[in-house]
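K.L.:
Each chain is listed here by its residues.
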Amino acid sequence: MKSRIFAVAVPVAAAAATLALTFSAPLHAQAARAKSVPQPRPISAPGGTAPVMTGLVRGNAPGEWRYWGSDAFSTRYSPLDQINASNFNTLQMAWQWNAGTFGPDEYYRTTPLYANGRLFTVATTRRSVMAIDPETGETLWMYRLEEGIRWQKAPRQFAGRGPTYWTDGREERVIVVTPGYHMVSLDAKTGRPDPRFGTNGVVDLQEGLGFPMVPLAVDDSGSLVISDAAPARKAKPGETWDAVKKVGADGTVGIDPVNGQIAASSPAIMVNDMIVVGNSSIHGYYPIRLRNIPGFVRGFDVRTGRQIWKFNLVPQPGEFGAESWERGSKIGTEGVGKNDAWATYSADPELGMVYIPVGMPLMDEYGGHRPGNNLFGNSLVALDARTGKRKWHFQMVHHDIWDYDTPMSPNLIDITVNGTRRKAITQSTKQGWLYTFDRATGEPIWPIVETPVLQSDIPDEKTSPTQPIPSRPAPYSQQGLVESDIIDYTPAIRDSALAMAKKCRMGSYFIPAVTADGTSRSGLRCSWYAPGASGGVNIDGGAAVDPETGMIYVASLSGLSTIGLQKDPCSEFRYSSPRDNCGLIGALTPPAGYVTPAARGGGFEGRSNASVLGGVSILKPKELGGITAYDMNAGDKKWWIPNGGFVPVKSTDPLFASVTLPPRAAGGQAQLMVTKTLVIYGTGRGGGVPNAKPQLFAVDKATGRQVGAVEIPSRTTAVPMTFLHKGKQYVVFATGAGGSTSLVAMRLP
Amino acid sequence: MSAAVRFVAPIALVVFAYAELSAVPASPRPATPTAPPAAVDTVRTTMDGVYTAAQATKGADVFAAFCRSCHTPTVHTGGPFRAKWFGRPLDELFGYLRREMPKNEPGSMSDDEYALALAYLLRMNGMPAGAESLAADSAALHRIRLDSVRADPSTQSPRR
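Chains Z and B, in that order, give the protein sequences. To convert, note that position 475 of the first sequence is 1829 in the numbering used here; the numbers rise steadily by one, no gaps. To convert, note that position 37 of the second sequence is 43 in the numbering used here; the numbers rise steadily by one, no gaps.
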């Protein structure tokens, strides 16, 4: 399993490793490059620019932001208070760093890091790494790995959520996991690859997983289609590269694509000197193939890039949890794939533990090919960061068919519960609940009760009889749809809304999908789906915690959509949400005479937002979604605010003529962090009051009262961060998509 | 390389059939009974310059922000897309997007964002920009036909 074949050259990658572009490299950087084999260094390094190692708090230096979530605990907390309620509205843009000049992206989902006087970020579909002068926004250096067709067919072609920073007090590294699944360790001062790490600074992460490595080729110049169509393939002997048409074999080596796809979009996390890195797999929306590469978590030595351990997120035969796959869990078995931990991770450096939020098994909406609970899908898994041994785990959704991947790093927080100080960990989720544990033992802080749930009536789908429901705290998103949720401003409104509600399967939570053609037992063509596949909490939002007070602030969606499944005739899966992959490269041939359905039965099946009556949601307005603050010492909700404000609701429908309609909360995933006194947030790429000017908001963290709002060039697209540089506090956030991505820095005048 | 260059796929390269947008949409469901939709009294087609170049450029960014994680641009321009949508009033495609997209959070974009994405879809399909903005207005969109020919054949330029 373990591969040490770092000598295997990856021609494209290795060649490109020398292409680190250096803009105005500081002169002292050259001198700082030691020639000897690196050893653990004393903390008091000579010179005025040594990075802080003493007084680290949760792995972070005071006033810095060394981890994606500020610190190893993923608190997204900063003790800074220069920017506060009295001056927030005077914030000005210090600079705007244009990432779009380096290339296009999806939406810019990166949170940069600040360490020892520099800002580090990733950008573009190539996930280039840059160091930026925090005061001026000048690019200090840039590094980009040319990955050939490993990039061309990468399942996650975007900048991703950020880089990783490490220092021992003398050496400093910035580590990136690329779209083509290489890991590169760069000198933080110069951007040059560390020659002692892997091969010329690069570790091929596709090595060491137990899959055969082969020369790769492509038949088309396009990217991988989201359904896993148009993949790369094993090259034929003697096959060459057509650089104009971008087809053929370019010398790139990788996992044989018959096994499936592998990628990454989140940074690795440092736990002391161990780099802990996972992967993402193919998207589970509309997959074609029943077998794919599952999730793994691995530990690598930060100085050498040597793989130290590997943990299988689909337990292999003989390993703990393998019996939760009733038809077998061996890689290559029908139904085995995903369970990828694609989110950011958290760690407790003192306990030496790393906490892995795990995604769901293959595929998103139908589990008939994989009966069983499917460990470690939808679990929070605590590993010993030195050995990769499992310390504890908790599965939050058994046999997921709702796309409830765990989307965000858990937040570590010390709280006082019933008079006892607890080292806790709380996981925010798509399904709208916080799951809270003792982070040393995994014992729930409040009971999490296995509760009977609705069962699927789709052929061969064996849903779990129960799901674990936290007794505390209360959820932050709408749960399912029951009669008491329906608007009842007048009897006529209630009748109409209830009639609409009853068109789809209703229930308290975890409502299984029905078939979109109405042939499953209920005869219905849709099920209510809340939270939906975007949460709850999802990749854009998530929680921040305040280590001083034990508060948690959760940014989430609260929506209501529908789901119904049908057979994609060109996929190996028996069911998926409505779609056909017919005609795509790698899809099955449709049955003779098959015609793409002319209609989907009225637009009310499949996934739809058809929960609106005359322009009014059939759901009663509730204090859900937006930003919810909980006191985690008690497990109580403290306050709630919408994401950026309220939106008037008007209807021209005569049904509502006599009613004054309450406003609705603005939608979208807020993107928040917490400081000494404030919760600072942006509305996210699709959030806030429609047509309002994009703003950055500040609320009093104790009360939720808005204390400031400043206009920004465009809406935030990732969680903001803050730091102190040359005595000034900055707030930096990513914004934009496509060709207009940038980082924006705000500071006081 | 600009986003525009990156995302505009030459139609000649289109090899994929595509299903997601190939289904014929149903009319938006009215809350209370209304008259059936009037016959298509289209006065223009999408070859008549019904969106601005600036809208399509912004639409490319909207596409990158909300659509590209599931949809590669090439799959919106193939034969199945033409077969399903050409000849239909544009409000049907607009309504489909607004009701069912993005898949993970249907209806979550603003009306303006749906209109920008629609402008970009039109540009992707080789339809020309013009002086007039595409409005996020179903009634106005109902009077535009999605098509590869201009409304008035006498003004039709020679087709390649």
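Everything labelled a hint here was simulated from the structure, so no lab data went into it. Just so it is clear, the structure is predicted and the values come from calculations on it, not from any experiment. Mixed in with the good hints there might be a few duds.
[As the list claims (entries may be wrong)] Some chain B residues near chain Z, calculated using beta-carbon distances under 8 angstroms:
#: 1; residue: Ala66
#: 2; residue: Arg74
#: 3; residue: Ser75
#: 4; residue: Phe92
#: 5; residue: Glu111
#: 6; residue: Ser114
#: 7; residue: Ser144
#: 8; residue: Ala145
Note that the Cβ used here is the ideal one computed from N, Cα and C, for glycine as well.
K.L.:
Does each hint hold? Answer for all of them.
P.N.:
Hints and how they fare:
1. The criterion of a C-beta within 8 angstroms of any C-beta in chain Z is met by alanine 66 of chain B, whose closest approach is roughly 5 angstroms, and the hint holds.
2. Contact between arginine 74 of chain B and chain Z, as hinted, is supported at the beta carbon level, the nearest pair being about 5 angstroms apart and thus within 8 angstroms.
3. Interface restraint check for serine 75 of chain B: the shortest CB-CB distance to chain Z comes to about 6 angstroms, inside 8 angstroms, so the restraint holds.
4. For phenylalanine 92 of chain B, the interface hint is violated, since its Cβ never comes within 8 angstroms of a Cβ in chain Z; the closest pair sits about 15 angstroms apart.
5. The restraint placing glutamate 111 of chain B at the interface with chain Z holds, with a minimum CB-CB distance near 4 angstroms, inside the 8 angstroms limit.
6. A distance limit of 8 angstroms between C-beta atoms decides the matter here; for serine 114 of chain B the minimum to chain Z is near 5 angstroms, and the interface restraint holds.
7. The beta carbon of serine 144 of chain B is not positioned within 8 angstroms of any beta carbon in chain Z (closest approach about 12 angstroms), and the interface hint is therefore violated.
8. Checking alanine 145 of chain B against chain Z: minimum C-beta separation of about 13 angstroms lies over 8 angstroms; hint violated.
In the structure shown, a violation is registered for the earlier hints numbered 4, 7 and 8, in ascending order.
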